[in-house]
Amino acid sequence: MRPAYTNSRQIYQELAKGNLGTVEALHALRLLQANGSVSTLPASAGDPTGKPNNALEELNKLIGLEAVKKLVEEIQAFVQIRRYRQEYGLKAEPLVLHMIFKGNPGTGKTTVARILGALFKELGVLSKGHLIEVERADLVGEYIGHTAQRTREQVKKALGGILFIDEAYSLARGGEKDFGKEAIDTLVKAMEDHKDELILILAGYRREMEKFVQSNPGLSSRFPIILEFPDYNLTELMEIAKLMVKEREYRLSEAAEKCLYNLLKNQVDNYDENRGNARLVRNLVERSIRRQAVRLTRAGQFDRNSLTVLTEADILAAAEGAE
Amino acid sequence: MNKCLIVGRPNVGKTAFLLSFSRYLGLKDIEIKVRTSDGSIHSRKRRLEDAYSELVQSSPHTTQELQSVVLKLPVGKGYRVFELVDSAGLIDGVHANPVIRAAIAQTIEAIAAASVVAHMFDAALLGSAGYSEGIGQVDRDLFEYAKLQADYFILANKMDLSGAERGLELIRSTFHQVPVFPVSAKTMEGFKEVKRHVSRLV
Chain V
1 MRPAYTNSRQ
11 IYQELAKGNL
21 GTVEALHALR
31 LLQANGSVST
41 LPASAGDPTG
51 KPNNALEELN
61 KLIGLEAVKK
71 LVEEIQAFVQ
81 IRRYRQEYGL
91 KAEPLVLHMI
101 FKGNPGTGKT
111 TVARILGALF
121 KELGVLSKGH
131 LIEVERADLV
141 GEYIGHTAQR
151 TREQVKKALG
161 GILFIDEAYS
171 LARGGEKDFG
181 KEAIDTLVKA
191 MEDHKDELIL
201 ILAGYRREME
211 KFVQSNPGLS
221 SRFPIILEFP
231 DYNLTELMEI
241 AKLMVKEREY
251 RLSEAAEKCL
261 YNLLKNQVDN
271 YDENRGNARL
281 VRNLVERSIR
291 RQAVRLTRAG
301 QFDRNSLTVL
311 TEADILAAAE
321 GAE
Chain H
1001 MNKCLIVGRP
1011 NVGKTAFLLS
1021 FSRYLGLKDI
1031 EIKVRTSDGS
1041 IHSRKRRLED
1051 AYSELVQSSP
1061 HTTQELQSVV
1071 LKLPVGKGYR
1081 VFELVDSAGL
1091 IDGVHANPVI
1101 RAAIAQTIEA
1111 IAAASVVAHM
1121 FDAALLGSAG
1131 YSEGIGQVDR
1141 DLFEYAKLQA
1151 DYFILANKMD
1161 LSGAERGLEL
1171 IRSTFHQVPV
1181 FPVSAKTMEG
1191 FKEVKRHVSR
1201 LV
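Top to bottom, those sequences are chains V and H.
Counting along the first sequence from 1, when you hit position 81 you're at 81 in the working numbering, and nothing is skipped either side.
If you want the working numbering, it's the 1-based position in the second sequence plus 1000.
Note that these hints are calculated values from the structure, not bench results.
Careful, some of the hints might be misleading.
Below 27 Å or equal to it, Euclidean Cα-Cα: the simulated DSSO-like pairs (lysine-lysine) are [to be verified]:
no.	chain 1	residue 1	chain 2	residue 2
1	V	K17	H	K1033
2	H	K1147	H	K1028
3	V	K181	V	K195
4	V	K246	H	K1033
5	H	K1003	H	K1072
6	V	K195	V	K69
7	H	K1147	V	K17
8	H	K1192	H	K1028
9	H	K1045	H	K1033
Assemble the whole structure, with the sequences as input and the hints as a guide.
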């Protein structure tokens, strides 16, 4: 009796060793498949039919953002308990989940918004959980009446998900006669009309957002959740870089790590406007990966190891290209 | 990038087809990416003619690794890019040479990763008067396995030789409900149909 194989890798190995002929190997593979056993594809290949990603897990994988994680956990618990209370016929607070995100660029606002969309879908709060990202130019029109129409279009696209308005204060920029005011009014109305199928997130720099909310008294009561996104510190930025590199199946050489650290430290120490910006770290990592590819192609020679290592030269070349 | 894997017995013309099809799509120089069974990858740049004399031989098991070229197929107004992968020939039993065994294992493994599998036969050999073995077991099993894994079709090669029509008939009567394309890697006969079919799949 031939042994039963539990994965295709074993079959390939036996075939290479000569313990199985090609015909037998093909038989075994078919048998394996018919029994519906696990495939040997690496998990990273992604399985769209697999169980849904746990959005909270994804959030917890993000570096830093402790306050955000805590608040999201609260929201999740609140949503769940509210549902149980309803089942027992207890009073349930209305579920108002519109939010304000305050923080500098590259501090994770959009990423968190996207994860929240998925989370609310898992919780059954939103039907689709997708994210529509807009800014002033997407909402404000060119003539009277145009703005309301454009804003409604964006709202319609976002129904069942999250409408994320970046640099929301720019809607209040032009004063009374500006069409931005019309956009705000239309949004406020949409929030009422579609309160069960739309979550609105207003995002932008901390100080500007605070001014914006203060000068529009109707807003603060409609946006009960306020999340602050602090700048990343040096340690967090390094962790982010390392995680990104690892996720892409690369690694930093020792010199490269030191070099990256110095680059980031320089930014933080000099109060560079981009200090604490994770997006720049991502761009740097991605550019380094391309520089590594160029370096390897030029050398024309590589093995498994050199394909995974990012060197100091790659980082420096990437940083130079950024300026 | 989608992969179209060519599989079949030794000497049915897999490598010749890879090169001819590249030429048919207008390439003069080709860059062949070679992936050996121990996992290393390197690439060779050749003029097509040179690649023929270097890679195509009449002795079996000339190809002992996966070698592939990246090809562009015009689709609509744009192009679709895919990788055409040539593999080591498959035999029924166990080969005595460990290098060839490793190459065979690598080929079988590649089937699971391919999105399209082109199973190639030597129609002229199958149809020749002195050949009595018919379609072998490995081809039958390959058919059963590969069609579960990928978009599957058959290439009946060497249609320029005599007896190939008989071979083609044998193939068509053995394997039902799959597309069978009669081709000749030598004369490029039938390439138009293959091109149209592949551009729909990749």
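Going down the list of hints, with the structure as the test:
1. As the CA atoms of V:K17 and H:K1033 are separated by approximately 25 Å, the hinted pair is consistent with the 27 Å bound.
2. Distance hint between H:K1147 and H:K1028 is unfulfilled; the C-alpha atoms sit about 33 Å from each other, more than 27 Å.
3. For the hint pairing V:K181 with V:K195, the CA-to-CA distance comes to about 21 Å; that is within 27 Å, so the pair holds.
4. This hinted pair checks out: V:K246 and H:K1033 have alpha carbons roughly 26 Å apart, not beyond 27 Å.
5. Proximity of H:K1003 to H:K1072 is assessed by CA-CA distance (about 12 Å); at most 27 Å being required, the pair is judged to hold.
6. For a cut-off of 27 Å, the pair hint linking V:K195 to V:K69 stands: about 25 Å separates their Cα positions.
7. A C-alpha spacing of about 26 Å is found between H:K1147 and V:K17, which places the hinted pair at or below 27 Å, so the restraint holds.
8. With a CA separation close to 18 Å, the supplied pair H:K1192 and H:K1028 stays within the 27 Å bound.
9. Proximity of H:K1045 to H:K1033 is assessed by CA-CA distance (about 9 Å); at most 27 Å being required, the pair is judged to hold.
Of the hints listed earlier, the one the structure fails to meet is number 2.
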